[in-house]
Amino acid sequence: MAPTNRPPYTGDSRKLVLAFDVAPPKPKNCSILDPGQVPEIKGVTRFPAQERVGGSSKIPTVIYYGQDGRVRAVGAEAMRESLRDTIEDEGWVKAEWFKLHMRPKAISGTNPLGELPPLPAGKSVIDIFADFLQYLYACAKTYITESHANGPQLWASVERTIDFVITHPNGWEGGQQLQMRRAAIRAGLVPDSIEGHSRIRFVTEGEASLHFCVQNGLTAEALKTGSGIMIVDAGGGTIDLSAYGQGSKKGTFEEIASPQCHLQGSVYVTTRAKKFLEGYLRGSRFAEDIDAMTEYFDNSAKLTFDSNPLFIKFGGARDRDAKLRIRGGQLTLLGPDVENFFEPSVSCIARAVKVQCMAAKKPVSSLFLVGGFSASEYLFTRLKDGLASLNLNICRPDSHLNKAVADGAVSFYLDHVVAVRVSRFVYGVKCTVNYDPGRFDHLLRSAGVFIDVDGKPTLGGGFDVILTSRSLKRRNSGEAMSDLPPIGSNSRKRAVSFTVTEAHLRHLAGGTAVV
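For what it's worth, this note's numbering labels the leading residue of the sequence shown as -5, then goes sequentially.
Derived by calculation from the structure, the hints in this document are not laboratory data.
Mixed in with the good hints there might be a few duds.
[Unchecked claim] Listed below are the simulated DSSO-like cross-link pairs for lysine-lysine, each with C-alpha atoms no more than 27 Å apart in a straight line:
hint, residue 1, residue 2
1, K348, K88
2, K244, K355
3, K117, K88
4, K117, K355
5, K268, K88
6, K99, K269
7, K355, K218
8, K36, K135
[What the hints assert, rightly or not] Taking CB as the label site, the calculated pair distances span:
hint, residue 1, residue 2, range
9, P29, G329, 56 to 62 Å
10, H410, T219, 20 to 26 Å
11, P338, E84, 34 to 40 Å
12, D392, E153, 33 to 39 Å
Ideal Cβ positions, reconstructed from N, Cα and C, are used throughout, including at glycine.
Make a model of the complete structure from these sequences and hints.
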């Protein structure tokens, strides 16, 4: 789709933009840019064995490797019933939820990373990510060449200049982007050169979801009062929260609170369900059916649960056990038990929304719930009830919830509606400072005094604050608009080197903290 306010493409030649959202299971979108034409966003809607997932553009983020380490099946192909015997006989190894192994250590979560399925032996997360990107790229190529007039010629004209947009959770940082860029290079998407690196762009899932809401006209009414909006992307692995207000220029947005990221997505609900089943069926003949039960719960029952008993199909008419509430190949789970699977995730989201509202620089009036997990009726109902005191207008977009991030990623490339972002960390550079015996904090570090080249007593271990946390940073500029005074070492959460202009460094002279 092409919003009426999107300008025509001004490039000299045709260009292709591909957006990859490597998360459980989401679509991949593209835009073909023709000079003088208003760009439109279109989905890659055909994948191998797609009927396995209902003919939609949802593709399971799953790879099977053979014992020799080679890729055997990917995506919907890996979930075919006909492969079950081959997988068991040949000992194929499954890789799933692998992007969560990439997460920064700083991200907190009630479930430790150890609860995720381990990576296959001998495979790094970059290896697996590269294999999946290669699969997505091949699928996009096949779809475009087969569905467009003169498809092969079209692809040949753009393949060496394709720009890629890769989405990631709000909490992913430079280290994770570096790993994803290496994976893209290893997958053959771009060459390992300055030009190749420039063709890869990253956008957070929260910001991509905002672009999706904007291009679908969902934010216009909410912003009429001048209040802020919140985007909650409830995905498979992470819950990403972002808050925005209207920017100083028409059609632009500004972050009004630091984004959040929590490891409490829907895969953790499934993990808790599987642990319950392992305990509930331990010692019974149905223990060998737990994987099938978990798969049914994850693909179907999880999103339809509404506090009533939940029915898990797994076997045939002869599978029955009254004590275990199994009849006709169907297990009945009591509502309170299933609620326990959801509770940590629901509570995490509710707390995070309240924190985001308190931190926002202006009142938040509307909350948009997107992402695959947001399709859960139980989650939606619980959040509406639990957040009633905040008087938020909580809504789910009418469009396919799974496509918000992929659509929004292409819109991010085309539209760039976010003009100002809030810094999540303190940025600065290491420095030395002149020793001042009149300062108590200097006296505490007097053992580290040395004579500098200018002959003056000096202390090392200084940190010159360039950008404080919760400062505002304009897009495409070196301007940092701090609304807080420079913070000292006791409140510093993280310090990294950050490149700025010389004028900015002069402006910050005197804002040094000894650490």
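The hints, checked one at a time:
1. K348 to K88: Violated. K348 to K88 sits at ~38 Å, over the 27 Å cutoff.
2. K244 to K355: Given pair K244, K355 holds - Cα atoms ~19 Å apart, limit 27 Å.
3. K117 to K88: Status holds; Cα separation ~11 Å.
4. K117 to K355: Given that 27 Å is the threshold and the Cα spacing comes to 44 Å, the pair is violated.
5. K268 to K88: 17 Å, holds
6. K99 to K269: 25 Å, holds
7. K355 to K218: 17 Å, holds
8. K36 to K135: 14 Å, holds
9. P29 to G329: 56 to 62 Å: 58 Å, holds
10. H410 to T219: 20 to 26 Å: With a Cβ separation near 25 Å, H410 and T219 satisfy 20 to 26 Å, so the hint holds.
11. P338 to E84: 34 to 40 Å: 37 Å, holds
12. D392 to E153: 33 to 39 Å: 35 Å, holds
Checked against the numbered hints listed earlier, the structure breaks hints 1, 4; every other hint is satisfied.
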